[in-house]
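Chemist: Below are the chains, spelled out letter by letter.
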Amino acid sequence: KNQVEQSPQSLIILEGKNCTLQCNYTVSPFSNLRWYKQDTGRGPVSLTIMTFSENTKSNRRYTATLDADTKQSSLHITASQLSDSASYICVVSGNTDKLIFGTGTRLQVFP
Amino acid sequence: GAGVSQSPRYKVAKRGQDVALRCDPISGHVSLFWYQQALGQGPEFLTYFQNEAQLDKSGLPSDRFFAERPEGSVSTLKIQRTQQEDSAVYLCASRETPGGGSPSPLHFGNGTRLTVT
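In order, the protein sequences belong to chains A and B.
Sequential numbering of the first sequence, starting at 1, is according to this note's numbering.
Sequential numbering of the second sequence, starting at 1, is according to this note's numbering.
Treat the hints with care, as some may be off.
Straight-line Cα separation of at most 27 angstroms, DSSO-like style, residue types lysine-lysine; simulated pairs [what the hints assert, rightly or not]:
(1) Lys37/A x Lys11/B
(2) Lys98/A x Lys14/B
(3) Lys57/B x Lys37/A
(4) Lys98/A x Lys71/A
Quick list of simulated restraints, FRET-style, between CB atoms [to be verified]:
(5) Glu96/B x Ala68/A: 45 to 51 angstroms
(6) Ser28/A x Ser58/B: 14 to 20 angstroms
(7) Pro8/A x Gln84/B: 47 to 53 angstroms
(8) Thr115/B x Thr26/A: 31 to 37 angstroms
Hints listed in this document are in silico derivations from the structure and should not be mistaken for laboratory results.
In this text, all values refer to a predicted model and were calculated from it rather than measured experimentally.
Think of the CB as a built atom: it goes at the ideal place given N, C-alpha and C, for glycine as much as any other residue.
With the hints as constraints, model all of the structure from the sequences given.
Modeler: Written as structure tokens, this is what we have:
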């Protein structure tokens, strides 16, 4: 079983709408959780990094939440733009350097 | 350059050929990672270097895979006797700091897409 599960697998929304992506993890011990955006044919780009003590963190139109008790995180995208079309990957780190990647949510934003 | 650079961008190899994939990390970054990403999947860890020391190679799928970083900067991932299942995007990432669980961001290159025919 994957230690980092993301949902939904794919999502289609209209430009200007909001959406929320989910990430559940079982990695233990837990050190930090990251959200990455990966455009087609490119490497992942970091959006946010959250440590155990952080509940929410925002980066422009992206807001990530973390509940370390339930081992859940979400990424909320506000007022989506066409350029938000990408895969969004949740990555969890324990106390080693081996980051555990989720399989991603494929977001498509249509005009 | 400002980011992580990988070459070649695309590589087509006949089954059985050896390939070498290069990664130029951000200058001064201590940590370097290699990942394998199959189509539609998240990256899977292959190996990790701290400077020139390969501290973790537990993700390398077989002894046909070999990675080195002899001077603590540029790294090469070599795959011997390539098989069709080796077809994937190989991503390199670097990070300024070492240490387990470091919250420093990972900077990824755009990957090398390897196709084995």
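Chemist: State the violated hints by number, sorted upward, taking the hints as numbered earlier in the document.
Modeler: Numbers 2, 5, 7, in rising order.
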